[in-house]
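Number of protein chains: 2
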Amino acid sequence: MGEFELLARIRERLPKPGKRVLLGSGDDAAVTVPAGATVTSVDALVEGVHFRRDLASPAQIGHKALATALSDLAAMGAAPGEAYVVLGLPVDLYEDECLQLLDGMVALAQATETTLAGGDVTRSAELLLAITVVGHAAAPGDLVSRAGARPGDAVVLSGEIGGAAAGLRLLEERGAGASLSPTSAQALRARQLEPRPRLGAGQALARAGATAMIDLSDGLGGDARHLAEQSGAMLRIDAAALPITDGLAEVAAALGHDPLELAAAGGEDYELLACIPPSQLEAATAAVREVEGIALTRIGEVDAGSGVEIRLPGGGRLRAAGFDQLR
Amino acid sequence: MGEFELLARIRERLPKPGKRVLLGSGDDAAVTVPAGATVTSVDALVEGVHFRRDLASPAQIGHKALATALSDLAAMGAAPGEAYVVLGLPVDLYEDECLQLLDGMVALAQATETTLAGGDVTRSAELLLAITVVGHAAAPGDLVSRAGARPGDAVVLSGEIGGAAAGLRLLEERGAGASLSPTSAQALRARQLEPRPRLGAGQALARAGATAMIDLSDGLGGDARHLAEQSGAMLRIDAAALPITDGLAEVAAALGHDPLELAAAGGEDYELLACIPPSQLEAATAAVREVEGIALTRIGEVDAGSGVEIRLPGGGRLRAAGFDQLR
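Here the protein sequences come in this chain order: A and B. Mapping to this note's numbering: the first sequence position 262 is 262, numbers consecutive. Mapping to this note's numbering: the second sequence position 196 is 196, numbers consecutive.
Careful, some of the hints might be misleading.
Just a few of them, taken from the derived set where beta-carbon distance is under 8 angstroms, the chain A residues facing chain B [as the list claims (entries may be wrong)]:
| # | residue |
| --- | --- |
| 1 | L22 |
| 2 | L23 |
| 3 | V39 |
| 4 | T122 |
| 5 | D142 |
| 6 | D215 |
| 7 | R289 |
Derived DEER-like restraints, expressed as beta-carbon distance ranges [stated by the list, open to error]:
| # | chain 1 | residue 1 | chain 2 | residue 2 | range |
| --- | --- | --- | --- | --- | --- |
| 8 | A | R289 | B | R207 | 49 to 59 angstroms |
| 9 | A | V33 | B | L7 | 47 to 57 angstroms |
| 10 | A | V91 | B | E229 | 28 to 38 angstroms |
| 11 | A | A107 | B | G141 | 26 to 36 angstroms |
Keep in mind that the hints were calculated from the coordinates and are not lab data. Quick caveat, the model's predicted, so the values are computed rather than measured. A virtual CB, placed ideally from N, CA and C, is assigned to each residue, including glycine.
Chain A on its own, in the form it takes in the complex (with noise of 0.2 angstroms):
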């Protein structure tokens, strides 16, 4: 099959374009009406880096794409757009799982009413994914950078984190999964290979005020520590209120590491971090919970200096600096 007719199958399977896109996949380049304020994000996902087709499935490798692309849209408090996909497909891809592929990006674009907006396709030795997406909002003003935490401010989570290490750990070595249900060691192999991006969430906590926010990729740890560098303030975090998915401690344990350590510095949770004023928490908390069926959680605040301290639950403190040497 070669790249013209790959296209054509690939166009049948897209969905009608969103109402802000006037002329989609198949010209020079898509046109669209934007808001008042375009949000874009680039994001690349590489075979034995950041993925393996012996452990997702091509849907799963799709929905993975898209997802971390938007989760960094969620993060701005923007609503999603448009996405671009660039696909680098190897000869040892079958076509069917190249459309598998796109079915696993098409069913969460569908999901987050993200128009597939264009693309390219190309030979590659890898299987790589390039998504660029496109989010919106009525004005900049709107927004949510890194950089507008000050002191006083509540730190908040979304959801749960761990999760996605633990379901990587899972899917590498079956074993640790041994003392877990399979329901549970079910949800967490789901938090690594299919993340949902808190599209809803961000938005709601942009409404109600956040003055910063990141989502969690690299991990809380990390994503922690850039957030309160381009806010110039220190973020002061209490490992015991930090919302741990269930079925972390049986595998940490399966494999003899620290919850805390696996929970915080794992990474690839995709929940958003994010500092908001006390009075905004009640009415951030529950709107996130109305949006997106999670919970919001305080697990800390934000003080005047540069870094980010944990608390421990054994009343011991962990700077920044040594918190990233456990990544």
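Based on these hints, arrange chain B on the given structure of chain A.
Only chain B this time, still in chain A's reference frame:
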């Protein structure tokens, strides 16, 4: 050098963002203030498929990746705005080469007033560049798709064709240029390695009333067919009128190729093929000459029907299907 360190080195080299960019590289996403219509295109270049590292310098590879992406904006008549760059870096690419690649891209970005507003860097087996470019227009109606050609329109071509194909042959087979002056050979190689996106010409043609436009990446034969199909029209092209690059005849003769075949089926010239009412031709030609310093040549006309017909110098006719076989 780790990913974060490399990203920091890359960010140091980026010029100041353009006025549309409120938040550039370094946050979860870039934030831009768009005009009334946004044009977006994605292009991927992979080592071994689209370029060879033994024939092109890192700076030339960086230049060409951005140039081919920007060429799609030119073909819409859009003003360039932002670019987002994914780099897949193999282990045998030295850090210096990576920064040279970026310098080639930055130089073209500056020359075209394009802001490098974000990106992602990853390991990959081969050198890979995936570039998303975003252009702007005051309103969707200011843009030119492939679909608007009408019977009676003139078919025009910017600049000259065949140079990129001849340049590629010279690079691959040095003997092919024995009868050329060093200056001519160098000019042909530059057409292959450092194409110039016709951004000024594209906007001038759009303002002058072009009804359909495409950039020549696959070659005149194939790209004319795309335009004809999407317009639902017949393009009649006069082979004798084609503006063919100096030196191409010598390269074709040295290799035993038909010069017309090399010129029209070779691809990668990144000139613009447009349709325009004959009444607008004089104004369009003057405008393209003024902004880009190149000719606009009338090479045929649009008729009712479908497909592409090439009138050969000897009096014969070649239909698009046959022309396509030349590729």
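Results for each hint:
no.	hint	result
1	L22	5 angstroms, holds
2	L23	6 angstroms, holds
3	V39	5 angstroms, holds
4	T122	5 angstroms, holds
5	D142	10 angstroms, violated
6	D215	6 angstroms, holds
7	R289	23 angstroms, violated
8	R289(A) <-> R207(B): 49 to 59 angstroms	52 angstroms, holds
9	V33(A) <-> L7(B): 47 to 57 angstroms	32 angstroms, violated
10	V91(A) <-> E229(B): 28 to 38 angstroms	29 angstroms, holds
11	A107(A) <-> G141(B): 26 to 36 angstroms	35 angstroms, holds
Checked against the numbered hints above, the structure violates hints 5, 7 and 9; every other hint is satisfied.
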